[in-house]
Amino acid sequence: MARPLINVPAKVKRGEPFEIKTLISHIMETGFRFTTTGQRIPRDIITYFSCSYNGEEVFSADLYPAVSANPFLTFYTTATDSGTLEFKWIGDNGFSESATVPVTVE
Amino acid sequence: MKKVRMPLEKTTRREILIGALAGGLVATVGLEPARSTPETMRAAIRKVVGSAQVRKGRVDLDVPPLVENGNTVSLAITVDSPMTKTDYVKAIHVFNEKNPQPNVISAHLGPRAGKAKFATRFRLADTQMVTAIAEMSDGSFWSASADLIVTMAACVETL
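From first to last, the protein sequence lines are chains B and W. My numbering puts the first residue of the first sequence at 276, with every later residue one more than the last. My numbering puts the first residue of the second sequence at 21, with every later residue one more than the last.
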């Protein structure tokens, strides 16, 4: 449904920060828009995003309606050991999406 | 005796004056963003920083000065920090003046982030000022603001 796209370098050097790019398809309906008949469109957004590296949280964010549709986030983390990056998105109406990406540290 | 006391008195008086001036500057420049901003944004910033002082600097807010489409505005924030275990950026908060809500995003970082930098895309409902505030591990707050001119606003279209 909402398939996330995650971009992580294939190989990273130990101790060096590397960039992580994430994109998830989501309408991010603000709750401030109205239909032509004057009805308010209820809010439907992703409210929370987090990224863990081998179980330890390295980045998280609280999202508000001002974040664009299909939230795109770029951030960094330092390579320690080979392992997995876990991504989690939580939102309105029980929205929940997660993904894991392996990391190879040289 | 008098000759000794006079210069001493002079220095103290000067010190008091300088202190008062500096205090005044901090009160006018340091506490709030440089310009008068709508009350909601100020309240939202207050909610995050509490009674702490917000200083200008150390934050680099990279936004386009002219926005054609308010629905997707690129935003990149870099904070000047060594990002070590003892000195790192705890959080970066972004606020706006004229959207329906003052908050844009609050990113939580830590020493594991490696670089105090993140980027995203956000919406702007009007030409306005955007403020980013970085919360450091030592409890200090630093900020940067940018003005954006929006030609096509978000949040106005009906379906």
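By construction, these hints were calculated from the structure, which means they are not laboratory data. A hint or two may mislead.
Unchecked claim - Computed list of lysine-lysine pairs in BS3-like fashion (alpha-carbon distance at most 25 Å, straight line):
(1) W/Lys118 x W/Lys135
(2) W/Lys76 x W/Lys118
(3) B/Lys363 x W/Lys76
(4) B/Lys296 x W/Lys105
(5) B/Lys363 x B/Lys286
(6) B/Lys363 x W/Lys110
(7) W/Lys105 x W/Lys135
(8) W/Lys67 x W/Lys110
(9) W/Lys76 x W/Lys135
(10) W/Lys135 x B/Lys286
(11) W/Lys135 x B/Lys296
(12) W/Lys67 x W/Lys118
(13) W/Lys105 x W/Lys76
(14) B/Lys288 x W/Lys105
(15) B/Lys286 x B/Lys296
(16) W/Lys110 x W/Lys76
(17) B/Lys296 x B/Lys363
(18) W/Lys76 x B/Lys296
(19) W/Lys67 x B/Lys288
Said to hold, decoys possible - Chain B regions said to be covered by chain W (calculated; three or more residues, Cβ under 8 Å):
(20) 336–344
(21) 363–372
Small disclaimer: the values here were computed from a predicted structure and weren't measured. All residues carry an ideal CB built from backbone N, CA and C; glycine is no exception.
With a cut-off of 25 Å on the C-alpha distance, tell me whether W/Lys76 and B/Lys296 pass.
violated, 29 Å
Establish whether the coverage given for the segment 336–344 of chain B by chain W is satisfied; the threshold is a Cβ-Cβ distance below 8 Å, and no fewer than three residues must meet it.
Per the Cβ count (9), the hint holds.
Given the hint that W/Lys67 pairs with W/Lys118, does the C-alpha gap stay at or below 25 Å?
With a Cα-Cα distance of about 18 Å, the restraint between W/Lys67 and W/Lys118 holds, given a limit of 25 Å.
So if I understand the rule, the pair passes when the alpha-carbon distance is 25 Å or less; does B/Lys286 with B/Lys296 pass?
Distance ~15 Å between B/Lys286 and B/Lys296 Cα, so the pair holds.
Straight-line alpha-carbon gap B/Lys288 to W/Lys105, limit 25 Å
The hint holds at about 19 Å.
Does W/Lys135 lie within 25 Å of W/Lys105 when you go C-alpha to C-alpha?
holds, 12 Å
Restraint check for W/Lys105 with W/Lys76, where alpha carbons must lie at most 25 Å apart
holds, 24 Å
Please work out if W/Lys76 and W/Lys135 have their alpha carbons no farther apart than 25 Å.
With Cα atoms ~20 Å apart, W/Lys76 and W/Lys135 stay inside 25 Å; holds.
When you check the alpha-carbon spacing of W/Lys110 and W/Lys76, does it fall within 25 Å?
Holds, at about 17 Å.
Checking one constraint from the list: CA of W/Lys67 to CA of W/Lys110, max 25 Å. Satisfied?
Satisfied, since the Cα-Cα distance of roughly 16 Å is no more than 25 Å.
Verify the proposed pairing of W/Lys135 with B/Lys286, using a straight-line Cα cut of 25 Å.
holds, 18 Å
For the pair supplied as a hint, W/Lys67 and B/Lys288, is the alpha-carbon distance within the 25 Å limit?
violated, 40 Å
Taken one by one, the earlier hints fail for this structure at numbers 1, 3, 18, 19 and 21, listed in ascending order.
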